[in-house]
Amino acid sequence: MPNDPKSTTKLNVDFKKIKGHKFTKEGSSKQALLNLTQDQGGNFIFEFDSFADRDVCREYVANAIAFHAEAGRAMPEASVAPLNNEQLSRAETERLIKLLQENSELQKLHKQFVFGNILTDAEFWATRKKLLDKNDSRTPKQRLALKNEMWTVKPLSDGQSNRVTFNLTPEIIHQIFAEKPAVRQAYLSFVPNKMSEKEFWTKYSRAEYLHSTRNVVAAAAEAAEDEELAVFLKRDDMLASEARRKIRRVDPTVDMEADKGDDYIHLPDHGLPNDEVKDVLEAHYEPYRRSFSQDLNQHAAVVLQGRVVGRIDVELGDTRSVAEALSRSKQAELSNEISNRNLERELSDRISKMAEIEDLQGPQDPAVAPLSIKDPRDYFDSQQANALKALGDTGSGAKPLKSSVSSHEAYGSLRDLISDIRGTGLSEPIMNQEVALKVLGSLTQNISSTRFNLGNNPHESVLDGLPKVTKEELLHVTRLKDAMSQVYPKLQEIKESVQSDFRHQVSLLVHPMLQALDAAFAHYDADVQRRSAKSGERPNGFV
Amino acid sequence: MKFQIEDVTVYFPYDNIYPEQYSYMVELKRALDAKGHCLLEMPTGTGKTIALLSLITSYALSKPSNPVKLLYCTRTVHEMEKTLAELRFLHNYQVKHLGPSARILALGLSSRKNLCVNPRVVSAENRDSVDAACRKLTASWVRALAVENPNIPTCEFFENYEKAASDAVLPPGVYTLQDLRAFGKEKGWCPYFLARHMVQFANVVVYSYQYLLDPKVAGIISKEMQRESVVVFDEAHNIDNVCIEALSVSVRMQTLEGATRNLNRMNQEIERLVQYFKGRLQTENVEKEGPVTFVASINAQVGIDQKMLRFCYDRLHSLMLTLEITDTGQFLHIQTICDLATLVGTYTRGFSIIIEPFDERMPHIPDPVLQLCCHDASLAIKPVFERFQSVVITSGTLSPIDLYPRLLNFNPVVSRSFTMSLTRDCICPMVLTRGSDQLPVSTKYDLRSDPGVEKNYGKLLLEMVSVVPDGIVCFFVSYSYMDGIVNSWHESGILKEIMQHKLVFIETQDVVETTLALDNYRRACDCGRGAVFSRGKVAEGIDFDRHYGRLVIMFGVPFQYTLSRILLARLEYLRETFQIKEGDFLTFDALRQAAQCVGRVIRSKADYGMMIFADKRFVSLCTVTIVLLGNSTIK
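Protein chains in written order, with full-length UniProt numbering: chain A, 1 to 543; chain B, 1 to 635.
Heads up, some of the hints might be wrong.
[Stated by the list, open to error] Keeping only pairs whose Cα atoms sit at most 25 Å apart, straight-line, the calculated SDA-like set for lysine to any residue is:
#1 260(A) / 19(B)
#2 353(A) / 607(B)
#3 353(A) / 19(B)
#4 2(B) / 358(A)
Please keep in mind that the hints were generated in silico from the structure rather than gathered at the bench.
Computed from a predicted structure; not experimentally measured.
Just chain A, with the same shape it has in the complex (with noise of 0.2 Å):
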């Protein structure tokens, strides 16, 4: 929990008692309050500036609440460690924590290794970085919508004047803007020079009045009078444009306006005149004529589309700086879509996609699971003990066998084989001893020149070369150690076990092999210290 620094008392509660939360809505008249429930019962209210950061703290607090729920316990040692992190963000500890919650397996790797001192947070989390891209990637920021609901004009008379009462709320107003770029574009240019903003909605709500009632003659007959209003019962040409723009770009899949456009389809007075009675109006009527189906359409579009105003910082009660903002996004939008070249392209991949049966295709990826092994060590000294074992088990069954072959067939088989080789001569050593040497001289070279550049950046390791498996055996630092300086002594037995006419050339190939492993110790203990040195310094990092 944020702690306002200028309160007097410090509020800590834990996550885990908080069971609910409630707000109030944008746009009533009520505060920005954030409600919080709790477990045993009494709430937290928090009265917020604004909504924007309102809504911050909601949605936070409703992603605590939510994995608080579902993982159903806590992890106090993981909450608190990361929290000392000085290179991690707020939100970034937040994820690696509820990462570890998921995930059991790096829960239990994070113990053994950042706990065990092995390694850094850091770099533990380093190498998982693709984790982490995923998993935030994986809950977009949700966004808020308009309201689903039509704003009609329900007249609320009292019965006995004919009086005609509405009710506009800021919301309402937002919405109208959005759906109908005409009305906002009379409001920007009326308001406050031409009437005042209550006289600008009696207008409306009158042109509105007067299309609840679909008397396309009267409306205009009042539209001849009023020039204004006229402008609210007209059809909306910014729509009609904007509609031309967009046609361009829908799919064509559903592009039925293209089959009006095709030759021949549908040729005017051909075919039989269809059932429907066409409502006939005469011509001037005509741009006062809407249907509730058009403006239902426009609704749902504006809805689909999400909120544009809202998140920019407007307060919804200043209505002018609404419609100047919605304008501004409608601009924004227009310029994307010039800028927009690919969308051929794209809308043709789309139709490619679409045009796939994905029930017929076979499994795109080989029907196997990768192999994911919690300890190699592990599995592969058990591996080892099995074969032991199973060695164990057979050798009863191998005496035998062996006995059948005398040990003169044997003695004459193996002559044969070694006069087969003097005939054919050894071809070519097991391996090309050049080759064998530039291999080896190269990976020196690479765990010597690591060296320089491990000191300057901890993320960066040598290891992160190799695949997982191997490296995540290589962690086990200590015991790689007690492994490679037992190299010591066999690379000096092997010296001296050959005769001294070849002595020297073994003695070549052994050289870089005894560079590398000084090499590797050299930076096993800068490593040792820099750690220690690290624990040093936050002796309560790992608690």
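With the hints as your guide, set chain B onto chain A.
For chain B alone, coordinates are given in the frame of chain A:
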């Protein structure tokens, strides 16, 4: 996958195949071998198009010496795009497995409006103004003048295309209209003229029915197609109506006024004819007569004989060329008149002329109309059957399959109906006869405007939107009915409750608006918001597969308006000529429309959806419905 059907190796772009797709291909191959026509029915959701395309392209590949050409006819432009997208998928697969030898040229063909890339021309409002704007820049006489006077504008795309001359070719590949436009833009060539030119070299041409069925068009575009072509009419369950529409013309007062204006500029002998029609439209009573008497009456009154009538359209065409008229969009009225004259002069049977002084339903508004109605679907398609060796008529709904050969008057060598094998219940058809208050629901005339029925329909939709995820499609029997019911839902507050759950989009008679609404509907389904799309007419063509349609509701039985004189005349003709009973035909027609509508929700067997037929009359039609849905859905 790759497999043999007799001597043909079929390249099928998927790893799996449905058994019915295989049998479909086998039958199709037999028809191609026999060089005859065929009629194939296979339910929607079984991948008909891809089966057909793979078999025919593989068939052509197996006979490299004499490859067949495929003329694929769709009803609409968006179906054209869909088919070409599937073909591209198939083509990529075939090229991958066979190498460059499998490359073919396939393209879609449409109007200038849909292909033009010249921004000055394509910005025109509708098809006819685009045509006219194009002609103004590209007609031979305009270009001849432009050579002398550089101030006369021409179209740079057309000029570049002409300059490139024989070099202007499309490299092999599959081109949707979109691809054609992109290619044209890139090369600076006019895609429309390029496509028109390339049609004769293409292996596959996809265009709309009318390019083959309408005699005026077929003469121009499909003339050069060789006999060794396979013609496919996909989604052909309505082909009889398309045939009839191609040969039907109606003339209203506006048409005649327009024609008079046209004539003032031409002032030719046709004027007498227009005068004659004017006289006929003055009638106070409904009149109906056959073409022979009509022609005789024209001859008697204005002295134009049958032969002259017959060549009206061609003569008008040459006249307009001679007069160097470019704004052809303005001359549609006179073209309509001449078209009617040509048809009347050409056919002696299968037509009637109906003159109505006003619409039956609105007798107080005078709206005289003279209609030349074709009743015989076989007339328009006859030349196609004669010209091409194999014509394939296929759809998800062709039952009863023996009716189509009668309606279209041909002898198929193969006529098969395949059933769909289902491994799980992926569709759930239901008939709803009563609303939540146990009162029957129907769109029958006596119940249609009953507020109780409207309320019950609303409640049904409300219950459904609260439980069905993603997209829901509603079909109504007519626009006016939908308008009425949506308004009454709005007033009673049901609509508001529906909108608590999903967004609502409605088809209107404005195509642009409907297209945008559909596009938005799809996006609402894509983003998980969920939406309802209401269609005012039982129209097909748009797929509502997968999450775009988890439920489809048919509000009412889509019977045709039985009081229409045109329909009555056709029913009479059907009874006299083919001995088809009126009731049978009407039921057949309503059910094929209904089955097509609900069939749009299934695209493959992995797809699933629910279908509700909300009308008490569906119970008696139920068995037929199930048959139409593909024989496999008995529940």
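Status of the hints after comparison with the structure:
Of the supplied pair hints, the one linking residue 260(A) and residue 19(B) is violated, its CA atoms being roughly 38 Å apart against a limit of 25 Å. Proposed proximity of residue 353(A) and residue 607(B) is supported: the alpha carbons are some 16 Å apart, at most 25 Å. Between residue 353(A) and residue 19(B), the direct Cα distance comes to roughly 24 Å. Compliance with the 25 Å bound is thereby established for this hinted pair. In summary, the hint linking residue 2(B) to residue 358(A) is supported, as the alpha carbons are separated by about 18 Å, within the 25 Å threshold.
Figure legend: structure checked against the earlier numbered hints; the only hint not met is number 1.
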